[in-house]
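First to last, the protein sequences are chains A and B.
Quick note on my numbering: the first sequence kicks off at 16 and runs consecutively.
Quick note on my numbering: the second sequence kicks off at 30 and runs consecutively.
Hints listed in this document are in silico derivations from the structure and should not be mistaken for laboratory results.
Just so it is clear, the structure is predicted and the values come from calculations on it, not from any experiment.
Possibly wrong hints are sitting among the right ones.
Unchecked claim - Here are the simulated BS3-like pairs of lysine-lysine, each with C-alpha atoms no more than 27 Å apart in a straight line:
(1) Lys18(A) x Lys67(B)
(2) Lys136(A) x Lys18(A)
(3) Lys138(A) x Lys67(B)
(4) Lys108(A) x Lys67(B)
(5) Lys247(A) x Lys67(B)
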Amino acid sequence: MKKQLMNAGFKAIAPLCIGAFPFSFIVGAVSIQAGMDVIQSTLWAFTVFAGSAQMVALGLLQSGASMAVIMLTTFIINLRHVLYSASLSEHTKEYPLHIRMLMAYGLTDEVYASTITEVRKEKEGRHWFYLAAMFGFWGNWVIANLLGALVGSSFPDIANYGLEFAMVAAFIAIVIPQVKSRECIVAAVVATVSGILLSGLPHSLGLVVAAALGVFAGYQMDLATEREEAEKQQALDQAQQQATTQPEQESNLTPANSEA
Amino acid sequence: MNYSTFVIFTLGMAAITFAIRFCVIGMAGSFEMSARVKQTLRFVPITVLPAIIAVEVLGAGSNMMFTLENPRVLAAIVCTIVSLRFDLVWVVLSGMLSLIIFQNIV
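Chain B with its partners taken away, still in its complex shape:
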């Protein structure tokens, strides 16, 4: 890739990504968020992450596989059950191990 294309490509993507991530943190402290907004923002992690999980597990669009024949669905069920009692490391280990097992038996 030639130098000028690389510079535009890299700096353009970096600037846009940074601007999006910085847009509200950058203004932190210069305005007071209402109690309602603060309360509502607690929903951000529990809405974005499940949406990502669903797409990663089931696939997207026409490649979606919403069935128990999908080893990822079974491994995700195992992760969910383990996460009720155990912490993150155990959930990750059980998830990866169960995925390997289900990939070989399903």
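If we strip away everything but chain A, and leave its shape as in the complex, we get:
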């Protein structure tokens, strides 16, 4: 059972590893340009494990930004993970603290996307699925970073190979089957349009706002659907009440009519 879940976890994350590889490779190469040595770069990737934040932090470091600015930027870029954390918390509450700490440590976009559907099913031992996906992605991230740090300068065009499109394709494959109800469709459309319109905001802040707007739109749609259902139920109840009171009235009228 445990082995099956772990295999399924590795299988689920594999396509996303292809997408993340060139990104981490580039982060590794840029970290050397920013003044790290290979060991520092690898340790950094192993410890921080946050792609977008790492890339932006290197840019800030090279431009001479202060540590406070780098930390604040890291905070803003990773802010969307609060939503992931909230979304996962309900399905992890029976796990001990050290397991939840480990799960939180590797809660990247890719790990969340590839595991949330399975974790929601609340199957026993689902943490093995999650941890396998997480460690698979973590290992891939660190190895790609190490290779980038070692030989990154030999592959200056790796960003143009289109490998990172695997991540986009995998995200599409994960999202489309979930967007079925009209509430989900509205939430997804609002988030997508907002994401496009707010894409100019610095440090991926547009993603956080877009997701929040999408979730709020979905919440409003839930309320609207519930109101509609309540009104339908009310109309149905009234129709039933009329149907039961009408024969009574007719039966009350019949003797009077016969007397007339």
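Start from chain A and add chain B according to the hints.
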């Protein structure tokens, strides 16, 4: 990079990233989420991921390319169609293959 800068840089970023990811999972079980909140949280993956997809496909800010001349837009359309019938592996393969094709013909 000198040792002290590296330690501050690494531990600072790691601590902030972890704190954000752990903030709600850490409290899991110690409070009861209302049914409304649980229901609303189902929107998280279908809002964050499409926003990421849109930015990755179209580009951001002034570099945005919202046109069929963008091979990524065409490849994303292929992925969406394939995902209606097939599972993740096929979507990724068709997406990458179509991107290569569209990059060479568009």
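Against the earlier hints, flag every one the structure doesn't satisfy and list their numbers going up. As far as the earlier hints go, only 1 is violated by this structure.
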